[in-house]
Amino acid sequence: MSKAPLLKISGLQAGYGDVQVLWGIDLEVPAGQITCIVGSNGAGKSTLLRTISGLVPVTAGNIEFCGANMTGSAPDAVLAAGIAHVPEGRRLFKGMSIRDNLLIGAYLRQESRADIEHDLEAVYSMFPILKERQQQDATTLSGGEQQMCAIGRGIMSKPQLLMIDELSLGLAPRAVEKLAESLKQINRSGLTILLVEQDVVTAFELASQAYVIETGRVGISGETRLLVEDPRVRQAYMGI
Amino acid sequence: MSTILEVRDLSKNFGGLHAVKNVSFSLKKGEIVGLIGPNGAGKTTLVNLITGVLKATSGNVIFNGQDVTAQRPFQAARSGLARTFQIVQPFPQMTVLENVTAGALFAAGASHRRQAEQQAMEHLEFVGLAPQALRPATSLTLPSRKRLELAKSLAMNPKVLLLDEVNAGLNTSEIEQALTLMRAIAARGITIMLIEHLMKVVLSLSERILVLHHGELISQGDPQTVITDPRVVEAYLGSKFAARQQGVAPTAGVAHV
Amino acid sequence: MTLLAQIIANGLMLGALYACIAVGFSLVWGVLNVINMLHGSFIVLGGYLTFFAWFHFKISPFVSLPIVCGLLFVMGYFIQYLAINRVITRPVLTTLTLTFGLDMILYNFMNLGFEATPRRVSLDLGSLTLGGVILPVDRLLAMLLAFGLTGLLYYVMRSSRIGRAIVAVRMDRDAAALMGIRVGHIYAMTFGLAALMAGACGTLMSVVFPITTNITGLLLGKAFVICVIGGLGTVPGALVGGLALGLTESIVGNFMGAQYAILFGFLIMLALLITRPTGLIGKKGYE
Amino acid sequence: MKTNSSTLPSTTMTRAKIFPHLIFAVWVAWLTVMPLMADNYYIRLATFVCMYGSLALSWNFIGGYAGYPSFSTAAFMGLGSYAGAILQKAGMPMILAWVCATIFVSLFAALVGAAILRMKGHYFAIGSISMVEVLRLIASLWSDLTGGGDGLNVPIFQGGPDYAARVFFYSMLVVMLLAWLTTLFVDRSKLGFGLRCINQNEDAADMVGVSVNRYKTIAYTLSAVYCGSVGAIYASWVSYIAPTDSFGILLTLKVPVMTMLGGVGTVYGPLIGSALFVLMEETIWAQFLDYHQAILGVVIVLLIFFLPGGLLKLDYKKLFKRKTTSHTQARRA
Chain D
1 MSKAPLLKIS
11 GLQAGYGDVQ
21 VLWGIDLEVP
31 AGQITCIVGS
41 NGAGKSTLLR
51 TISGLVPVTA
61 GNIEFCGANM
71 TGSAPDAVLA
81 AGIAHVPEGR
91 RLFKGMSIRD
101 NLLIGAYLRQ
111 ESRADIEHDL
121 EAVYSMFPIL
131 KERQQQDATT
141 LSGGEQQMCA
151 IGRGIMSKPQ
161 LLMIDELSLG
171 LAPRAVEKLA
181 ESLKQINRSG
191 LTILLVEQDV
201 VTAFELASQA
211 YVIETGRVGI
221 SGETRLLVED
231 PRVRQAYMGI
Chain C
1001 MSTILEVRDL
1011 SKNFGGLHAV
1021 KNVSFSLKKG
1031 EIVGLIGPNG
1041 AGKTTLVNLI
1051 TGVLKATSGN
1061 VIFNGQDVTA
1071 QRPFQAARSG
1081 LARTFQIVQP
1091 FPQMTVLENV
1101 TAGALFAAGA
1111 SHRRQAEQQA
1121 MEHLEFVGLA
1131 PQALRPATSL
1141 TLPSRKRLEL
1151 AKSLAMNPKV
1161 LLLDEVNAGL
1171 NTSEIEQALT
1181 LMRAIAARGI
1191 TIMLIEHLMK
1201 VVLSLSERIL
1211 VLHHGELISQ
1221 GDPQTVITDP
1231 RVVEAYLGSK
1241 FAARQQGVAP
1251 TAGVAHV
Chain B
2001 MTLLAQIIAN
2011 GLMLGALYAC
2021 IAVGFSLVWG
2031 VLNVINMLHG
2041 SFIVLGGYLT
2051 FFAWFHFKIS
2061 PFVSLPIVCG
2071 LLFVMGYFIQ
2081 YLAINRVITR
2091 PVLTTLTLTF
2101 GLDMILYNFM
2111 NLGFEATPRR
2121 VSLDLGSLTL
2131 GGVILPVDRL
2141 LAMLLAFGLT
2151 GLLYYVMRSS
2161 RIGRAIVAVR
2171 MDRDAAALMG
2181 IRVGHIYAMT
2191 FGLAALMAGA
2201 CGTLMSVVFP
2211 ITTNITGLLL
2221 GKAFVICVIG
2231 GLGTVPGALV
2241 GGLALGLTES
2251 IVGNFMGAQY
2261 AILFGFLIML
2271 ALLITRPTGL
2281 IGKKGYE
Chain L
3001 MKTNSSTLPS
3011 TTMTRAKIFP
3021 HLIFAVWVAW
3031 LTVMPLMADN
3041 YYIRLATFVC
3051 MYGSLALSWN
3061 FIGGYAGYPS
3071 FSTAAFMGLG
3081 SYAGAILQKA
3091 GMPMILAWVC
3101 ATIFVSLFAA
3111 LVGAAILRMK
3121 GHYFAIGSIS
3131 MVEVLRLIAS
3141 LWSDLTGGGD
3151 GLNVPIFQGG
3161 PDYAARVFFY
3171 SMLVVMLLAW
3181 LTTLFVDRSK
3191 LGFGLRCINQ
3201 NEDAADMVGV
3211 SVNRYKTIAY
3221 TLSAVYCGSV
3231 GAIYASWVSY
3241 IAPTDSFGIL
3251 LTLKVPVMTM
3261 LGGVGTVYGP
3271 LIGSALFVLM
3281 EETIWAQFLD
3291 YHQAILGVVI
3301 VLLIFFLPGG
3311 LLKLDYKKLF
3321 KRKTTSHTQA
3331 RRA
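Same order as they appear, the protein sequences are chains D, C, B and L. One point on numbering: in my numbering, the residue at position 65 of the first sequence is 65, and numbering is uninterrupted. Quick note, my numbering runs 1000 ahead of the 1-based positions in the second sequence. Quick note, my numbering runs 2000 ahead of the 1-based positions in the third sequence. Quick note, my numbering runs 3000 ahead of the 1-based positions in the fourth sequence.
Any given hint might turn out to be false.
To be verified - In silico DSSO-like links for lysine-lysine, alpha-carbon gap of 27 Å or less: (1) D:K184 / D:K131; (2) D:K131 / D:K94; (3) L:K3017 / L:K3190; (4) L:K3313 / C:K1055; (5) D:K94 / C:K1021; (6) D:K94 / D:K178; (7) L:K3120 / D:K94; (8) D:K178 / D:K158; (9) C:K1159 / L:K3190; (10) D:K94 / C:K1055; (11) C:K1159 / C:K1055; (12) D:K158 / D:K184; (13) D:K158 / D:K131; (14) L:K3190 / L:K3313; (15) C:K1028 / C:K1055.
Rather than coming from a laboratory, the hints here were simulated on the basis of the structure.
Working from the sequences, and respecting the hints, build out all of it.
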């Protein structure tokens, strides 16, 4: 990891009210790669993403993105800086069509209508099902299709870093396989991805680099091809 | 073994959308049955229909010989039909002990609060939460919250226990502990229906498996036949899982998907 | 036969104003999940401002309409941004009590500033008769403007950037924030828009009815009824609810008297609340 | 809606438990003795304190324990006033009229409760406020029974102003004590526990075996009983009632605010809140006649911002330990 990391987090602490969840996270996301964060639920994976995107206040430590200090910025500043966040449970906007859901992903972008339409077509080509049913209410889609729409909505903001919270939760294995393929394709087109994933097998197949989070602190971390052999990881998280 | 719960072509549609379509099955006393299916297949809707949270469009539910289709949830709870929630639902501003006492006091009908609290403490010891009895329920980690749900439903001294994704979000070692707990519950003669989309849990515990897909029961039977049933593989498991199955005997540790 | 036509005409003219009364209240309830007890006072304030502009400076109500709208919008924006945003996630008892407290302040100062004597802008524009039905011009203009404003709001909600942002915030606060939408600002815009509609309604009403601080409670009651009948948080809902109440009150009022009409409105609402709490076209979704 | 302190009601009443009851006993004793030495102004003020104390305790059953913010207080009180007045005009002795009015209002609440409690959250709030309006309209329209818009006179209480002031004061005091006793009973009973479950998570309460609708209707009825008696006593006390002030929106909103000031869902929150509020309102009214409503509004706004849980549930421990929290967290990291 010779180049400076795209995202650098040091000593990050955060929580909800007086319940502290993150007890000092240190993490680096190299540009151009897929990095994954694994660990059991309740370990603080989602809280970490929500703290980076400004939904949860930082109590200590700092967040650096492309060299700029982002600690404590509001969600719209974080998005403007180029970090998009696909939230846990997809959370598409009910009562809005698939097309409107995707368009609102570009809410902050000032470019012309044509550029935005162009990006919309790019998303449609990646997930054709979305184009077929673009006028339908987004929440009538199946779990897997909703995840595609949520990822598409994230891409529409033209980020440098795409954070995805729980890709596979509640999805049938078949849907997860298809989504993993699309993510690889998106990454190859130059978008850095930070993936929070509870299913370690899927995470390690996708990511080149992994951080294991236990009760709010980074436990083991390193390249996934080494970690796959690590007995501690295999026993605790892969049940093999 | 006599049947304790029978569901006869139960259906529920929400304005055109068939969430559950003529589902029929029955549970024998003391049996452990798995109900699997992808998210949105209608598993939780089915549980809500059986426990009276939702009114069925057609078909009925026979529990302990009585037709309980139109029962309200609290009547189902009092007659011994308990369920845990997929999204854990504690009473937020109450302690762990109070949460479990509620089950003993209302569903199991303990005469007064002191007696209910004694019973609650026993169940907390059984699931290993006794030390946190006086802590607020919200301070528990996710695995212990799941055990709180379990303790609460046990306190309702149920005849049938519907465990709705009680293992979702747990890592492998936490699931191991949950499995031993469930085997201990089954040993007490309580019939368990395990609602999951984690294959590992369902395979190693259930004597029979029902597969739900788009609201319909597409397969029923012992674990081996079900996971090799082509319709199940096509609709739910995905080729990679099936491939992995051929290589490894089902009862050995199977990477949960 | 012309009696029935007259009643229906009166009902429509009244209904258009009622739609205007309710649309702001419905927006705040639907999007912010807040029962806004200030709503009645906003309407009366709009009416008073129009009256005094007309009485002292001879500014016609239709000229002072945009001014009143601007003033009320700014007032609504800051009340939300500085006060209500602080407790926006709290249960209904807290937010309702807060707006009630704020209303006591506004009501007290309006009473001191304007005294409670009823006042009305009387522009003797005469009236048209169409097939035996008498249509006073001032009421007609008020009706048309009321429909126009409601239509404008519907357009803004449906196709403008702000409108989509408001819908996104309504459906999922956190997800909207992740889209770069500044949620606090959008809440303030929504409350400002609602205050604007209330002020405009006050202007239109001052041309048709005498305005006094005593009717704030009455106006609030109407907003309750219309929102429940027509459905929550939707502009068409407020329109349908407003017209339904206007026609009912016109018919019942004609045969049994005004107070029975109001009672009738409440009874319909309570019956609906018990059987269909989401109202006639209360969709859980769009605008 | 925080639960109150007694989580595990240990059989031995620890010192911390008895303390509030002791203060209350001293306060009631002082109130009972007070009319012997005070003049009618203070007796009138004390009557209002007891009146609003009863109303706040009543609201607490549905708004505090069950967590359903009802705005029907004015409806129940107004109904009690009219029932008491009409019965007395028909020749019924005063105390009997009060009792019958209370029973009538309780039945009314039980019947209406089943319907109105189907609504949740905002709809329940709107439904209960509108009921006050409906009753006000009926009272002003049904003139041959209620005297319509120009109100109803209640036969004046014989025995002179001083004696009357004392009789009405002690009656309100008795009602407050009954409401307090009922609150104590509910707070410790299975009903209280069930209501708290409903308040915190109604679906989970249903699943755990709480018969949700029955418990909510009981709480709603309980919230009406003593409002009915207070209404009847009030009518005899002021001996003239009219629709607009018997069924006023201001009262129906002030009572929940008083309970919030003290602490919702607690035994003594309503009593403390209502006493403070009445005394504050009296002093503001005396000093700033023109601005008293605005000042009251400011007080409500400040209460919402800085005292959401109310005085009783203010976490005094947390307040004092504010400095040390960051220290302990650092140590634990």
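Structure versus earlier hints, numbers of those that do not hold, lowest first: Of the numbered hints given earlier, the structure breaks just one, which is hint 4.
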